[in-house]
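A.B. asks: First to last, the sequence lines map onto chains S and A. Mapping to numbering that gives the first Met the number 0: the first sequence position 251 is 250, numbers consecutive. Mapping to numbering that gives the first Met the number 0: the second sequence position 224 is 223, numbers consecutive.
Hints listed in this document are in silico derivations from the structure and should not be mistaken for laboratory results. Computed from a predicted model, the values in this text were never measured in an experiment. No residue lacks a Cβ here, since even glycine has one placed at the ideal position from N, Cα and C. Hints may be right or wrong, so weigh each one.
Unchecked claim - Taking beta-carbon pairs under 10 angstroms as the criterion, some of the chain S residues facing chain A (in silico):
hint, residue
1, 32
2, 33
3, 117
4, 121
5, 142
6, 146
7, 150
8, 216
9, 222
10, 232
11, 236
12, 265
13, 266
14, 268
15, 271
16, 286
Claimed, not checked - Now the in silico label distances, taken between C-beta atoms and shown as ranges:
hint, chain 1, residue 1, chain 2, residue 2, range
17, S, 196, A, 172, 30 to 36 angstroms
18, S, 171, A, 231, 51 to 57 angstroms
19, S, 26, A, 54, 47 to 53 angstroms
20, A, 212, S, 287, 53 to 59 angstroms
21, S, 76, A, 228, 35 to 41 angstroms
Claimed, not checked - Over the 12 angstroms line for every Cβ pair with chain S, so calculated as not near, a few chain A residues:
hint, residue
22, 11
23, 55
24, 56
25, 59
26, 93
27, 100
28, 114
29, 133
30, 134
31, 150
32, 152
33, 159
34, 210
35, 235
36, 267
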Amino acid sequence: MVMADTIARPHVTWDLVADVRELLHFQFMQNAFVAGTIVAVTAGVVGYFMVLRGESFAGHTLSQVGFPGAAGAALVGVTPVFGVLTFCVVAAIAIALVPGRRSTGPAFESALIGSILAFALALGFLFTTLYSGFVTGAYSFLFGTFVGISNTEVVTLFVTATVVLVTLLVMGRRLFFASIDADVAAARGVPVRALAVVFLAVLGLAVAAATQITGTLLVFALLVAPAASAHQLSNRPGRALLISVGIAVLVTWLGLAIAYFSEYPIGFYVTTLAFGAYLLSRAGRALAR
Amino acid sequence: MFSHDFMRHAYLAGTFIALAAGLVGYFVVLRNQVFAGDALSHVAFTGALAAAVVGASPSAGLFVSTIVVAVVIAGLGGRARGRDVVIGTIYSWVLGLGALFLTLYTTSASASNGRIGITVLFGSIYGLSRFQATIAAVIGLATSVAACVIARPLLFSSLDEGVAAARGVPVRVLGTAFLVLLGITVAESAQAVGALLIFGLMVTPAATAQLLTNRPFRALGLAAGLSVLELWVGLALSYAIDRLPPSFAIVGLAFVAYAAVLAVTRSRRRRAPA
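Using the sequences provided together with the hints, build the complete structure.
C.D. replies: So this is what it looks like as structure tokens:
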């Protein structure tokens, strides 16, 4: 990784206290852990609702739209996280508001989304090409990085996460009702359509935050895998939410720690740990039956 | 423009790649298998880099990985549908593996090509040698011929699987054969526009064609024609404009054409009396 050129490779001593002290010694690792924790909590909560509502494909689309956002911001000299946030939220609202999405049929819709995905990624590629000498930057947008998270970005992530969590706290109960049975909820006076739009906007924010750690292509590792594991392990919403957040945080912390002590990218560790957690939860459920 | 070897190779390979992508892409949209294509493109990236790590040719890795996974998807059949959570989790893990191989390759002493990841993800049609371009053209042509040969029964079974099966069309065999063709086309397209952008060459022209006509064979021809035309113009644009990457030119052009046709057909439908 990039670190290998700048500092001596850290070693695992297997003395837990010393290792943790070593891990948190540098400012950039402290920032990475703070940012990672914020992102993991947000992704765990939003991911739970996303899986419940069957909207993981919207999450996939939003994460890829974030790539030209990040690259475009870097090109014009703005902090990438602002570009990602803007692109993701605008795209989320656009997805929510496209009229007659259902009436035109699934083949039309998936062809439309596929075309938009390819165009968004191509645009991101154009921006990275114009921003010359940017190969490493493109890799970190695509596959995630934990080096060089600035204080500004940590604060931005914290504000984003607060907005997301407060919004979900306010509408959580009604959103849960609307996600389980939209028709009954609508009949009981729950504003189902408005909730759906707000949730997609929140999802846009959460995806944008998660891409800061996992990159555009690996966002599902924090957004889907922990939530899917939680749905396997518990049917009770409160407990499942906690499990989802717990797995997301654990995966992020372990991923950061292993990536710090090794030379391979964090994206690989985070996705592998998340995938492992999902497999374990399925195995656990199969055994419990 | 054609005095340069790299442009001649790009046009030679690109024409047949686009032809195959347009033909196969039409069925991808018709059969609503866009997400099988998505799966294959993710796998293509990891396959190409895994091949690079063990010292094999990345294009061999592309073809082997996409064909193997196409057969696996065909074997899962309908069971793989509607499980976006499982599929999403597996995709991101496969891509994570790709990121690992990328680091393994770029940090190994023998690595000469630090841009290989970008090349696989976003294509390198100008980097084709004469030999590679010829191979790509031959495979593209063979795929197109195969797609045309199975076009009629495949169309039948795509539109109404039950009736086609009752009429003695080997629906399951056709489905598998089609997915293998799709795998080959994804690997081909990945060489031209990259693993992440293949939809721009496969799905976008087909979606445009379907907006323009309801007649299947006309739409099939139109999809292939649009795909080839967009590739030709895209290559010329990227040659004429400095620093415009060819894959963006092609995909961007396809998207603009699609958006324009979508806007025109929508407004015409709105004006027509209900």
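A.B. asks: Now tell me, hint by hint, if it's right for this structure.
C.D. replies: Hint check results:
Interface hint at residue 32/S: violated, since its Cβ lies 20 angstroms from the closest Cβ of chain A, which is beyond the 10 angstroms cut-off. Proximity of residue 33/S to chain A is violated relative to the hint, the smallest CB-CB distance being about 23 angstroms (cut-off 10 angstroms). A distance limit of 10 angstroms between C-beta atoms decides the matter here; for residue 117/S the minimum to chain A is near 4 angstroms, and the interface restraint holds. Because the smallest distance between the Cβ of residue 121/S and any Cβ of chain A comes to about 4 angstroms, under 10 angstroms, the interface hint for this residue holds.
For residue 142/S, the interface hint holds, since its Cβ comes within 10 angstroms of a Cβ in chain A; the closest pair sits about 4 angstroms apart. Using the Cβ-Cβ criterion of 10 angstroms, the hint placing residue 146/S at the interface with chain A is not satisfied: the shortest such distance is roughly 14 angstroms. The restraint placing residue 150/S at the interface with chain A is violated, with a minimum CB-CB distance near 27 angstroms, outside the 10 angstroms limit. Taking 10 angstroms as the C-beta cut-off, the interface hint given for residue 216/S holds, the closest approach to chain A being about 5 angstroms.
Using the Cβ-Cβ criterion of 10 angstroms, the hint placing residue 222/S at the interface with chain A is satisfied: the shortest such distance is roughly 9 angstroms. Given the 10 angstroms rule on beta carbons, the hint for residue 232/S is violated: about 14 angstroms separates it from the nearest Cβ of chain A. About 17 angstroms separates the beta-carbon of residue 236/S from the nearest beta-carbon of chain A, more than 10 angstroms, and the hint is not met. A hinted interface residue such as residue 265/S counts as satisfied when its beta carbon comes closer than 10 angstroms to some beta carbon of chain A; here the least separation is about 9 angstroms, so the hint holds.
Among the interface hints, the one on residue 266/S holds; its C-beta lies about 4 angstroms from the nearest C-beta in chain A, closer than the 10 angstroms criterion. Using the Cβ-Cβ criterion of 10 angstroms, the hint placing residue 268/S at the interface with chain A is satisfied: the shortest such distance is roughly 8 angstroms. A hinted interface residue such as residue 271/S counts as satisfied when its beta carbon comes closer than 10 angstroms to some beta carbon of chain A; here the least separation is about 6 angstroms, so the hint holds. Interface restraint check for residue 286/S: the shortest CB-CB distance to chain A comes to about 19 angstroms, outside 10 angstroms, so the restraint is violated.
Distance hint check: the CB atoms of residue 196/S and residue 172/A are about 45 angstroms apart, inconsistent with the given range 30 to 36 angstroms. Range check, residue 171/S to residue 231/A: Cβ separation about 53 angstroms, and the 51 to 57 angstroms hint holds. A hinted range of 47 to 53 angstroms is violated for the C-beta pair residue 26/S and residue 54/A, which are about 40 angstroms apart. Hint check: residue 212/A to residue 287/S, Cβ distance near 54 angstroms, so the stated range 53 to 59 angstroms holds.
A hinted range of 35 to 41 angstroms for the beta carbons of residue 76/S and residue 228/A is consistent with their spacing of about 37 angstroms. Here residue 11/A stays apart from chain S, with its beta-carbon at least about 23 angstroms from theirs, past the 12 angstroms limit. Listed as outside the interface, residue 55/A is consistent with that label: its C-beta sits roughly 21 angstroms from the nearest C-beta of chain S, beyond the 12 angstroms cut-off. The Cβ of residue 56/A sits about 21 angstroms from the closest Cβ of chain S, beyond the 12 angstroms cut-off, so the non-interface label holds.
With a cut of 12 angstroms on Cβ distances, residue 59/A stays outside the contact zone with chain S, its closest approach being about 23 angstroms. A beta-carbon of chain S is positioned within 12 angstroms of the beta-carbon of residue 93/A; the least distance is around 8 angstroms. For residue 100/A, the shortest C-beta to C-beta distance to chain S comes to about 9 angstroms, within the 12 angstroms cut-off, and the non-interface label is violated. With a cut of 12 angstroms on Cβ distances, residue 114/A falls inside the contact zone with chain S, its closest approach being about 6 angstroms.
Distance check for residue 133/A against chain S: the nearest CB is about 27 angstroms away, which clears 12 angstroms, and the non-interface claim stands. With a least beta-carbon separation of about 25 angstroms from chain S, residue 134/A lies farther than 12 angstroms from that chain, consistent with its non-interface assignment. Here residue 150/A stays apart from chain S, with its beta-carbon at least about 18 angstroms from theirs, past the 12 angstroms limit. Here residue 152/A stays apart from chain S, with its beta-carbon at least about 20 angstroms from theirs, past the 12 angstroms limit.
No beta-carbon of chain S comes within 12 angstroms of the beta-carbon of residue 159/A; the shortest separation is about 14 angstroms. Here residue 210/A does not stay apart from chain S, with its beta-carbon only about 9 angstroms from theirs, under the 12 angstroms limit. Non-interface call for residue 235/A relative to chain S: holds, since the shortest CB-CB distance, roughly 17 angstroms, exceeds 12 angstroms. Against the 12 angstroms criterion, residue 267/A stays outside the reach of chain S, whose nearest CB is about 15 angstroms from its own CB.
Hint compliance for this structure: hints 1, 2, 6, 7, 10, 11, 16, 17, 19, 26, 27, 28, 34 are broken, all remaining hints hold.
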